[in-house]
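Enquirer: Residue numbers (this note's numbering), protein chains in the order written: chain C, 4 to 284; chain F, -1 to 345.
Calculated directly from the structure, the hints in this document are not laboratory data. Careful: at least some of the hints might be erroneous.
Unchecked claim - To list a few chain C residues with every Cβ distance to chain F over 10 Å, as calculated: (1) 5; (2) 10; (3) 54; (4) 61; (5) 63; (6) 92; (7) 94; (8) 95; (9) 101; (10) 104; (11) 124; (12) 187; (13) 232; (14) 254.
Stated by the list, open to error - Here are the computed distance ranges between Cβ atoms for each label pair: (15) C/168 x F/332: 40 to 46 Å; (16) F/173 x C/196: 54 to 60 Å; (17) C/168 x F/84: 35 to 41 Å.
The structure displayed is predicted, hence computed values, not measured ones. Cβ coordinates follow ideal geometry from the N, Cα and C atoms, glycine included.
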Amino acid sequence: MDDYSTQDDPRAVVEELGCNRVKFYQQPHNVGYISNFNTCLKRSKGKLVHLLHGDDCVREGFYACLQLAFEKQPSIGAAFSRNIAIDENGNWQWFSKLLRQESGILENWLEQISIINLLQPPSIVVRRDVYEQLGGFDSRISCCAEDWEMWVRIAAHFSVWYEVEPLALYRCHSSSLTGRCARTGQNMRDLRKIMEMNKAYFSTPTATEISRKAGNSWALYAIKHISPKMLATGDTTAAITQIQEALKCSQSWETLQESFFMFVKIGKFWIKQFVKTTLTS
Amino acid sequence: MSEQYTYRAKIQPILEAQSRPLWSVMIPSFNCADYLRKTLASVLAQDLGPEVMQIEVIDDCSTRDDPRAVVEEMGGDRIDFYQQPKNVGYIKNFETCLQRSRGHLVHLLHGDDWICHGFYQRMQVLFDEYPNIGAAICRVLYADEKGHWKSFSPLEQESSGLLINAFQKVYGGIHIQSVGMVVRRKVYEHLGGFDNRFVCCFEDREMWVRIAAHYPIAYEVEPLAIYRSLSSESLTKRTIRSGDYARDMLKGLKIIEDDILPNLSQPIDSKTISSSRENIALFVLRLANELVDNGDIEATLNQINCALRCSNSLRVLREVINIYARIGKQKLKISLMELPKVLSADT
């Protein structure tokens, strides 16, 4: 399902590799990635839907393994496997943590997935009737984590199976979070919106607690992962915005501490730049 | 040219006239029949047929389980089984594997490790593309006892092919495990088997350095082999506690410095040698740190002793001081905790 690519020719790739086995549909004009995902869901005809982004892959045994899960436990809404993160060249970088010692239904999954996103899109298969019941991806989310919102939504209504074998490969791009989103902080605003939506799945005292933990997790993620990446590209505006937005998510002692350390790093970077510019001029 | 060293078994060449398979998958085993099933399944899943691939389990007289039964159950006639007439120790068992191999490419696959789909195919591509290489290695996954992946070896270069700076990397200690290593039989015939002076570890590292000193090596970027870490390899193991493990590493460094480095076509500078010694010393001190956490002071001191014989660099000395400080703190804590008892006994 191509969203009107402008820089390359996916149709040619499909024809070269897929012959007649792989169908190709092109959007009449660029509709944005969430609409494109929803088109994928609408055009799917099978009982089990695997939304596989065009830069990710699966390993041998993925479909057989997850199909077995649905056969063993027909009541599950979705099944996912551990995933491996790969770089632009396809080289393995790390893999997701082990959530269970053996494959099976995850206990307390709604609470776990509401605090932080623990899976990546290529690793999950969802029953089509689950999408029919719950709807497609939320179009109010403009920048990121629309998938996280969906996994929480599914977890609130269905049990989910976990496969311990890493069978999916998720490609991390060095520019995975575009400068625009990080600079404006839209990514964090999206996350706060989703955290607010997730509260509806819990009773009030639990909702507050889950929200607090999630706020802390995402704040730390922004400070420890996104902000340093932005700083590494020299984008100090984005690095600072991420910290500011993180502090809106959480004011825990850990977040404050990490923010301070990150500010110090940004400060050091500025000083270095200043000295460099002064010496060269 | 065949170098004669008394500590290395001579691996007898195969007469070319005999028809030979391409691959020899030689599986040494000792008390690992439970894990052997997964090992054999992973090989059989990509079996190239008996004309192309020899698969043989060489058992060193297992006492706790029945590997022969597992081999028959999993492989029927497809997998050969040889049992040593008596327990000969792991290095001699490895030597038997090499002697009994008949193929051109030898994969020494320990009976508790296993391989991913595509291993033999991808490694064969490297040998076909680079006919001069002596061996090929792939990245390795590290799994726990249950077989869950825990980590994998770092990426040494961006793409598969000849390993750049192979000798420096192998000598410097890049992650290589037997399960991810394939060696031409001719190379073992030329260089000999594993050095039998080792008692518990490093015999493989010395072998890889020996190979890298004589032949180019190819590298596969995808992790295609899985090394199982057993709890029996943990800090409670006698060989680690006693310092045998650390001493084998020091012994290995000396063997490499005495037997291999002087004969290199391009000599290694002394900075690289010191760096290698420092890396080993720091590795041993990491073990020492974990032993302090366990409260095992005697074992800690064994590691420190060995680390200092390995290297006296500033980093090593600093780390040793840190460890002594930690031991001191621990002892002080224990004394303070016992003080109330001592005081009440006095009154």
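Enquirer: So which of the earlier hints does this model not fit?
Expert: 5, 6, 7, 8, 9, 10, 16
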